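Novice: Here's the letter readout for the chains.
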Amino acid sequence: MQFGLSEEQILLRDNVNRFLDDHASLDRVRQYADGGDDADIWAGLAELGVPALLVPEDQGGIGLAPLDAAIVAECLGSHIAPTPFLGTAVMAPKALVASGGNHDELLAEIAAGTHRIGIAFSEAIKRRNDARVEVRGERMFGKSLFAFDAEADSYLVADQNKHLYLIAANDPGLKRSHLTTVDKTRRTVELTYEDVAAKCISTDVAVFEATLDIGRIALAADTLGAAQNMLDQAVEYAKQREQFNRPIASFQAVKHMCAEMAAQLEPCRSMVWFAGHALAELPDEARVTACHTKAHLAEVAQFVAKTATEVHGGMGFTDLVGLHYWFKRCGANRQWLGAPEFVRQEAAVLQGLVTD
Amino acid sequence: MDLSFGPEYDAFRSDVVLFLKNNADKAPKGSDLRGQTAKDWQKLLIENGYTCRTIPKEFGGYGAEADIIKSRIIAEEFSNARVSPGLGGQGISMLVPTLLEMGTQEQKEQFIRPTIMGDMLWCQGYSEPGAGSDLAALSTAAVLDGDEWVINGQKIWTSTAHIADWIFCLVRSEPDAPKHKGISFLLFDMKTPGIEIRPLVDMTGQANFNETFFTDVRVPKHQIVGERGQGWQVANAILGHERETLAPANTAQTRVNALIELMKNETADGARLIDNPVYRDRLMKIQSKVMAMRFNELRVLSARLNPGQDPGLSRMITKLEGTELRHDLEGLAIDVMGEIGLAYEDNPYLRGSGSWQRDYMYFLGLIIGGGTSQIQKNIISERGLGMPREPKFEKAS
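First to last, the sequence lines map onto chains A and B. Here the first sequence stands for residues 406 to 761, where the numbers follow this note's numbering. Here the second sequence stands for residues -4 to 392, where the numbers follow this note's numbering.
So that you can see chain B by itself, here it is in the shape it has in the complex (with noise of 0.2 Å):
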């Protein structure tokens, strides 16, 4: 057991301070993912090698060796200080490791810099509405017609399609293979005709996704990712990377750390929250299970540092245990504050700008999307503990 990083790694980390410090300035407040202080600030943290830190060089990126440590280092400084780590989107989180992996040269060369720089902003076209849980069975078809592919169908949950300026899209290309062979991974404008975009608003109030259709949508040829019939593999190369960071740990202690301010500060009756015995409790119980969640992700960590430590279901269960945990932690402070947890949009009695109210909402979103509960419960009992499939139902013809 040896939880320190070394004299290197402090020194690295000293390193992130004093640029925060002399820099934090200049970063933008809130989520603009198009701003020019947006942009401005991804071009220093990447000269930095604050974000992008392992993107090659001749793509725009910062061209460090992969350090998991220092990678974690600079998230914990930036979150600990509040200000924004860079561009997020599904173009820089998803597609541009994608395209590292399983990318032509061309493919690298035209799309990666203009990503990372933010100036290309991307949408995830994958599920449909008869394809969720289900991925493999969308049924988007992609014809080839001479050089170009011809697309019709409809994708669901495209975040950000109404400013993206192109999608990565899985579509059916072969109809008569088996449903994971037949599928294609498929790049294109956004601007191309017989594209549709329709906002979905969800429970928040917010259109935080869209419905989008495709009618005729024509699209090159070779805008394909990996081979005809590759795409499932394509997607599916870092997808399972997305699940562990959807609620990670340290955010959901800062968030405890919050709670425990909102309960010293907010009274009912004149006592402070915190010293209402059961709500103090509920807090005790959530403090000790995101402490359980901390604890477990550092077993991650070190897994992935020291090849041979075995690192059972730890990986495993961090989607279903983080977002769950989130979801209950938020919920507890509505709870606690009672009517005043009510408060939402524009009302003056709002507590923490609402964040509350949102995040309990938003997890909710989170323990459906990235993989369902029920999913993640499906692949803990079949891959973590071996027990066998449901058997399948014949298909009904």
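Pulled out of the complex, with its shape left as it was, chain A reads as follows (with noise of 0.2 Å):
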């Protein structure tokens, strides 16, 4: 028995943490924050592998776990970096390849790093006012929101069957306008269809499932590397920061906020872990699994990003510090593909302690 990370596992996370400290620093951050792009970070990403994690090796990939993914996502989080890996590393090979389709081109474009595909979701989680999305035939009509990665070269599109399509970003009846939210670490879009090609890629709604249930735990694990990096942000501050002659981390009073922090946010690393290897491995655990560990790391997060905020005082509340960037990725991820009180209803439903 053995509950953790395997050598080869902490290999690859060191990996990745080593190339984002020297290539997603704040300040690369902050260029992307001002309109920057992501380009280089993505390509040096690539040359670690990271776009072929969940790629089969017949198609040019790794082949890897979702475990691995997660502890992938975890780096992303803890450095807040702008990438695409969400939608074109881990929710949509897991889209193509658990459709049974033939994408075996498609794979080993996302694998090489150069095709980025973006997810729009929202419809088949909860339709919003005034969005809407139909399909007719094979060509779509209306509108997403909040679809994630700006600059994708094709959209993973789910209606409100939970049917999954396709389709190209350069299709002539494709708009697609940027949103503008909270967290500059990651752009939206919206995508207004106006009779655009749609290539089916499923219509069994369990490889929808599939595809949210991993999507859900890379973005709980992104939420614990930027929980985490907020927490060990408030405690090195604490430690540096002096008011009356001592360092205001020997008040107990500020001691007692970073041990809440702590105690809440160390089972939620063992939760990102089993849940990344039940889906893998234990299948009936694996839905309501998922469901706990993106609504769990959420309800942590928004206290661990709060908290370690007030630690740092005044200072937490300035751009100066640039600690509301990992503050506002806690806020989108508890948004994205479906926020708290959504989530633990569909716990609820999996369970059959209600119908829906």
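Honestly, the hints are just simulated from the structure, not real lab data. As the structure is a computational prediction, the values presented were derived from the model and not from experiment. Relax, there's no trap hidden among the hints.
Straight-line Cα separation of at most 27 Å, DSS-like style, residue types lysine-lysine; simulated pairs:
| # | chain 1 | residue 1 | chain 2 | residue 2 |
| --- | --- | --- | --- | --- |
| 1 | B | LYS16 | B | LYS38 |
| 2 | B | LYS280 | A | LYS531 |
| 3 | A | LYS711 | B | LYS280 |
| 4 | B | LYS387 | A | LYS644 |
| 5 | A | LYS733 | A | LYS711 |
| 6 | B | LYS280 | A | LYS733 |
| 7 | A | LYS531 | A | LYS567 |
| 8 | A | LYS548 | A | LYS604 |
| 9 | B | LYS103 | B | LYS52 |
| 10 | A | LYS711 | A | LYS644 |
| 11 | B | LYS186 | B | LYS216 |
| 12 | B | LYS34 | B | LYS24 |
Combine both chains into one complex, guided by the hints.
Specialist: What follows is the structure in structure tokens.
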């Protein structure tokens, strides 16, 4: 029995972290937030094999497991790195492989880091007032809100029947416009479909669910990394900052805030590991665990984000320290692919406690 | 990541399950520490290696090598079968491990066998009115007079003092030494003249604890564990272990499942409580926390089994998070029941034999006992996060 990361997984984590330390510093993230792109970061991660993680070896990938993707997601969240990782390297490969169709060429391009796939799932999670996706024949009409990755080459779109379609970003019927959100470390777009060619990937709800589950776990792992980094920054700041002639880290009021963050966050790490493992190995537990992991990480991270900011005092509120980028990253992860209350309701339905 | 224990342990689990199937009817019901049924059951469990597993045979134990997984399997299967896992109490859980580590051969021979067989019941004399979180500030005095210690002072929270045969007790034997170096660990008979016990009724309405007073209690000099002034190390040899086991996650999971059943069966205006979306969301929130704690415990277990694996803070946070979680969980059950949640003692509308109300209060007790939540947070921030200690006040003189 060994509940933890293998040597290979620790190596993977260390390699990705080392690259991000050098190439996705806060200054680099600020460039992206001010309108720059993430191309060099993604190209560097591609050299490390990150987009190929979940692509099977036969299609030019590495063929690793969901837990490995979660490990990388945690690194990305810790560095609040702008990348198309969630859609391109996690959800799209899962959908394409699970669909059973022949997508060899596309998977090979994903693995090489030369094709980015965005995700437009909002419609299938909860339909919003201003949005609606309709597919008639092989043509798509309507609108998706908050699709992520603004620079994708194609998009994986789910309709309300939880059917999955692939559309090309350069389709003449597609209008893509930027939607500003609080989170400046990743960009979201509105997609308007006016007679867009829609290639059906799957009408099997299980494929949608498998794609959603792995996406939620990757988001939870990203949240884990971001929240852990906020806690680390808070502890470090408290040790340096002096008031009343002593480091504020020696005041119990401050120590207890940090201890509460650590106590709530530590089990989250085991939860993300288990959820990633369950997705591949424990099908009976996987779906409920994915829901709970997504929701629980969102709740703990909300507490950590607020508390870590408070530990920084007034500086935590400024742009100088930049802590707010992590704060907002946690906030965005909380809402993407289902906010906690919706996801917990799913957990209850999955256990048969209520019908819907 | 490998969550299986392997075929050897699967076979061991089958043995435990079979044993329970064939013998569960012999187990005592309830938590009687002194009854003959409980003692007979204890003897049977020791013979089969299902309790006191690693205590050497020469002292009456089963004499097996320590095996964390087997211990866990035993605990899981007894818990699943809702069968008594054998005698508990502070003698077995705290004194016996302490003696095995720090006791003399004579002490081991004299005390371990009768303790584990249930013939010798112990109470713990640690806390005092003036020494709670700051336990090392204890002031119960032991003065050597010839071949005897003469003890004067007061202990508090001495659960089972009223039925105990013996006490293991921390006393100040070296008043001039620094506070952690002036303590000794003594063992003595509760029938010794000069001991007075007053029951301490707590918020549950029961006297789960006592106050114990010592007036010129005379104890033979050799009834000391470790050396004079070494009592603090003797007591701390096993204190950390106590904290981790106060609120295990698999019990919390059993309680969540019981709460789900309650919410499925209980109705308000004819609607099942679980159909109320607010209650249901609170239930799911608790369930996700219990899940996180279960996985945290897997990490603790794994770090024990695989030296070199970094446990992070997973061990340090279990007492704080586990006890707070159980308190919240039991409190949710009371909330969802509305007025029925107030039922107590002999109320005919009691649900779950009143366990929700009892545990709601009991776990508030555990949030405080065994190192308060605030002390836990000091430990986590200082030892876990490397934050500095609060500067100490100079003693007013």
